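*Asks:* Keeping the supplied structure of chain A fixed, place chain B upon it in accordance with the hints.
Just so you know, the sequences run in chain order A and B.
The opening residue of the first sequence carries number 0 in numbering that gives the first Met the number 0; numbering runs sequentially from there.
The opening residue of the second sequence carries number 0 in numbering that gives the first Met the number 0; numbering runs sequentially from there.
Everything labelled a hint here was simulated from the structure, so no lab data went into it.
It should be emphasised that the depicted structure is a prediction, and the values quoted were computed from it without experimental measurement.
Fair warning: there could be bad hints in the mix.
As the list claims (entries may be wrong) - Not close to chain B: a few residues of chain A, all C-beta gaps over 12 Å, as computed: (1) V3; (2) G122; (3) L137.
Stated by the list, open to error - Heads up, incomplete: computed chain A residues facing chain B, CB under 10 Å, no partners named: (4) M0; (5) V2; (6) A4; (7) L5; (8) I6; (9) I8; (10) A9; (11) P11; (12) L14; (13) W58; (14) A149; (15) H153.
Said to hold, decoys possible - Covered stretches of chain B (chain A as the covering partner; in silico rule of three or more C-beta atoms under 8 Å from a C-beta of chain A): (16) 8-16; (17) 68-77.
Glycine included, every Cβ here is placed at the ideal spot set by N, Cα and C.
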Amino acid sequence: MEVVALILIAVPPALETWLVSEKPSHFHELFQASQKNGEALATPGSSVDPDTTTGEVTWELLRDSAIAPLWIDARAYDDFAKEHFPGALSLNQKNWQRNLPSVLKKRRPGTWIVIYCGGSACGLSRAIADRLRKEAGLEDVYTFREGWPALRQHVP
Amino acid sequence: MKRISQVLRILLGIVFIIAGVMKISDPWRFHENLANFRILSDPVAQTAAFYIPWLEVVLGIALIARKLYRGALASSGLLLSIFTAVLLSAQLRGLDTSCGCFGSWDISLGFEGLLARNIGLLAVTGFLIRAER
Numbered sequence: 000m001e002v003v004a005l006i007l008i009a010v011p012p013a014l015e016t017w018l019v020s021e022k023p024s025h026f027h028e029l030f031q032a033s034q035k036n037g038e039a040l041a042t043p044g045s046s047v048d049p050d051t052t053t054g055e056v057t058w059e060l061l062r063d064s065a066i067a068p069l070w071i072d073a074r075a076y077d078d079f080a081k082e083h084f085p086g087a088l089s090l091n092q093k094n095w096q097r098n099l100p101s102v103l104k105k106r107r108p109g110t111w112i113v114i115y116c117g118g119s120a121c122g123l124s125r126a127i128a129d130r131l132r133k134e135a136g137l138e139d140v141y142t143f144r145e146g147w148p149a150l151r152q153h154v155p
Numbered sequence: 000m001k002r003i004s005q006v007l008r009i010l011l012g013i014v015f016i017i018a019g020v021m022k023i024s025d026p027w028r029f030h031e032n033l034a035n036f037r038i039l040s041d042p043v044a045q046t047a048a049f050y051i052p053w054l055e056v057v058l059g060i061a062l063i064a065r066k067l068y069r070g071a072l073a074s075s076g077l078l079l080s081i082f083t084a085v086l087l088s089a090q091l092r093g094l095d096t097s098c099g100c101f102g103s104w105d106i107s108l109g110f111e112g113l114l115a116r117n118i119g120l121l122a123v124t125g126f127l128i129r130a131e132r
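Just chain A, with the same shape it has in the complex:
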């Protein structure tokens, strides 16, 4: 009976926490909110011209083409936990094995993956991008040129 009572006591606060919790937001909602004149989202590659030599994209390029990528944060997990782009997934060299399944599960066919790290001089995003292309066999994998310092300015 005591066990049952304890189990039941925990239910109301758990329910309340769930009701008030902020569900993980998605990037495409941000783009839709910033769409001009209700234009439909462009399909990947239709009007986008990423730097195919370096595999880099910029915010302006993504915004202008209304691309809603799957964002990957390649920084250390502690940095990711402090703040990250809404909806981004953490994937770095340390948690690669653990988090890759989540990335593969979340990515829909045809969706771009855009990886960011600490800044334009940071090589973590390029390393993760290389691994995703070679080990996971993914296409449409790009890095965000300016990194988190530039990207955080666009977080609402």
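*Replies:* Here is chain B on its own, set in the frame of chain A:
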């Protein structure tokens, strides 16, 4: 013996409260940790991610206040046993994952560290159960 039991009881209660509060502060991250164990379906993992932390807080308070004490000890032992079993299961399946029990603090502990911690807490719980008889 009585003083030792008292100290261990309070410490165990504090540990449960801290563990619960850390997960309550970021339940969706705990949900991701649970999903990474690949045992629960997503709806069940979501439910567990929000419910388990509060159960831990309730158990911690019950242990410290010595209310519903025997039930709290039994529930604590059961919860810790389940956590340990899940951790062992993940290790046997070759999954590289942390339990997320203490939020980002868990990242620095490897499998051995997590297992040692859980076994230690189970031992404390066992001691308190025995002392209560």
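*Asks:* Using the nearest Cβ pair, does A:I6 come within less than 10 Å of chain B?
*Replies:* The hint holds - A:I6 has a Cβ within 10 Å of chain B, the shortest such distance being about 7 Å.
*Asks:* Does the nearest C-beta of chain B fall within a distance shorter than 10 Å of the C-beta of A:V2?
*Replies:* 4 Å, holds
*Asks:* Would you assess whether A:G122, listed as outside the interface, keeps its beta-carbon beyond 12 Å of every beta-carbon in chain B?
*Replies:* 22 Å, holds
*Asks:* Using a Cβ cutoff of 8 Å, are there at least 3 residues of the region 68-77 of chain B near chain A, or does the coverage claim fail?
*Replies:* With 6 residues close enough to chain A, the hint holds.
*Asks:* Please check whether A:P11 passes as an interface residue: C-beta within 10 Å of a C-beta belonging to chain B.
*Replies:* This interface hint holds because 9 Å falls under the 10 Å limit.
*Asks:* Report holds if the minimum CB distance from A:V3 to chain B is greater than 12 Å, and violated otherwise.
*Replies:* 8 Å, violated
*Asks:* Quick check on the hint: A:L14 CB to chain B CB, less than 10 Å?
*Replies:* 8 Å, holds
*Asks:* Close enough to count: is the Cβ of A:L5 nearer than 10 Å to one in chain B?
*Replies:* 5 Å, holds
*Asks:* Does the interface hint hold: is A:A149 within less than 10 Å of chain B, judged Cβ to Cβ?
*Replies:* It is violated, given that the least Cβ distance between A:A149 and chain B is near 25 Å, above 10 Å.
*Asks:* Restraint: A:W58 near chain B, CB-CB cut 10 Å. Satisfied or not?
*Replies:* Status violated, d = 25 Å.
*Asks:* When the nearest CB of chain B is found for A:A4, is that gap smaller than 10 Å?
*Replies:* This interface hint holds because 6 Å falls under the 10 Å limit.
*Asks:* Mind verifying the non-interface call on A:L137? Its CB should be farther than 12 Å from each CB in chain B.
*Replies:* At roughly 20 Å from the nearest Cβ of chain B, A:L137 sits farther out than 12 Å, so the non-interface label holds.
The structure does not agree with the numbered hints 1, 13, 14, 15 and 16 stated previously, though it agrees with the rest.
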